Every structure is written in structure tokens, then in C-alpha cells.
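Undergrad: Those protein sequence lines, which keep their order, are chains S and F. The first sequence begins at 1066 in the working numbering and counts up one residue at a time. The second sequence begins at 1066 in the working numbering and counts up one residue at a time.
Since the hints were derived computationally from the structure, they do not count as laboratory data. Just so you know, these numbers come straight off a predicted model, no measurement behind them. Mixed in with the good hints, there may be bad ones.
Below 30 Å or equal to it, Euclidean Cα-Cα: the simulated DSBU-like pairs (lysine-lysine) are [to be verified]:
1. F:Lys-1144 / S:Lys-1151
2. F:Lys-1144 / S:Lys-1144
3. F:Lys-1148 / S:Lys-1117
4. F:Lys-1081 / S:Lys-1108
5. F:Lys-1108 / F:Lys-1081
6. F:Lys-1148 / S:Lys-1148
There are 2 protein chains.
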Amino acid sequence: MHIHEFQEMMHSLYFKRDSERGVNGTYNWLVDEIAELGEELKKGEDREATEKEFADVIAWLASLANIIGIDHEKAAINKYNYKCLKCQQTPCKCTF
Amino acid sequence: MHIHEFQEMMHSLYFKRDSERGVNGTYNWLVDEIAELGEELKKGEDREATEKEFADVIAWLASLANIIGIDHEKAAINKYNYKCLKCQQTPCKCTF
């Protein structure tokens, strides 16, 4: 599934609620999901639970992008496109 | 670009460095990127800068998934797949 398709799916499911909640509320949910992902990683016991937390983070990120009207796929490819941002090589050969 | 392709691209670019940095270090970077996204959203002035922060978050998320060996696209679709998780409808019609 394309990043853009995933974002569109989230739009069709949740845009009304997301837009009512607004940028701040949705960003705060995203922060909570990042914390939950961190807890699962720290425990390191339950692969399925960790996968669900990864799913939640990308889902809330898509919701946030939908409220602001940003195309997450375009934004991602504009910045990361098969070359290291600094050394311009694949794989990255930065020496720092 | 598929979520999986984006993750593969990040793997080809940065996996060596990501795996050396490890789960904790990479998670901490992701948290920093979430904070930077929050700062841009609070300012609300610079659309291009905000798009770059969205790009960074999904990039670090992909790096983290690569270290753990999780397929982010599969994880996302397993949980979010054209139906609300709670009410099972599209769009979501939850009344809470």
C-alpha cells in the first residue's frame, strides 16, 4: 500500500473526528503513541504488540497530515529519495 | 511509493549506521523528530519545514522498524484496513 493510499484510507475513516479534534489534540495523541511504542520496545517481549504500536504511530501521523493537508508520501520522497541527504551516496558513506 | 518500499530505501541507505546505533538510540532520535514536528506545528508558519519534519518522522520510524525487523506496511495494514477498529464501519461511526 502506498503511503498516500494509507493516508487516504485514514482520511475516509477518521477525517471528521480528526478535524474536530484539531492539530494540538491529534499531535498529543501521536506523542502518546510514540510513548507506547517506546514502552513495548523497552519490554521487548511481544512482537505483535510492538507491530500494533508501529501501526498506531503511522496512523496518527497520517491523521495529523490529513488535518494540515500535507501529502505525507510527497513530503517523504521530496526529502528521502535513494541518496543520503548529506553525502549523496547509496548507501550513506558519511564519516561522522 | 509503498510503505514497504520506503522502508527498504531507508534500509539500503542507513541500515548499517542504524543497526550500530541500536534500538534505544534510534528511538531517542525518533522522539527528537516528533518534538521538532511539534515545534513546527506550533509555529505554523513554514509549510515546507513542516513537510520536512513529517518526512523525518516516517524516516526514523522506518529505521527503527528495520533494526527490529518489522515490516511496517504489513503491521499498518494488519491493524488499519478500511474499517474502524471499534465500530467496524467506514467512515467510523463511533459515538464516544
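Undergrad: A separate judgement is required for each hint: does it hold in the structure or not?
TA: Status of the hints after comparison with the structure:
For a cut-off of 30 Å, the pair hint linking Lys-1144 (chain F) to Lys-1151 (chain S) is broken: about 35 Å separates their Cα positions. Between Lys-1144 (chain F) and Lys-1144 (chain S) the alpha-carbon distance is near 27 Å, which keeps this suggested pair within the 30 Å criterion. Restraint check: the Cα-Cα separation between Lys-1148 (chain F) and Lys-1117 (chain S) comes to about 16 Å, which is no more than 30 Å; the hinted pair holds. Distance restraint check for Lys-1081 (chain F) and Lys-1108 (chain S): the Cα-Cα separation of roughly 24 Å lies within the 30 Å cut-off, and the hinted pair is therefore satisfied.
A hinted pair counts as satisfied when its Cα atoms are at most 30 Å apart, and Lys-1108 (chain F) with Lys-1081 (chain F) does not qualify at roughly 35 Å. The suggested pairing of Lys-1148 (chain F) with Lys-1148 (chain S) is violated, with an alpha-carbon distance near 36 Å, which exceeds 30 Å.
Violation of the numbered hints given earlier is confined to hints 1, 5 and 6; the remaining hints are satisfied by the structure.
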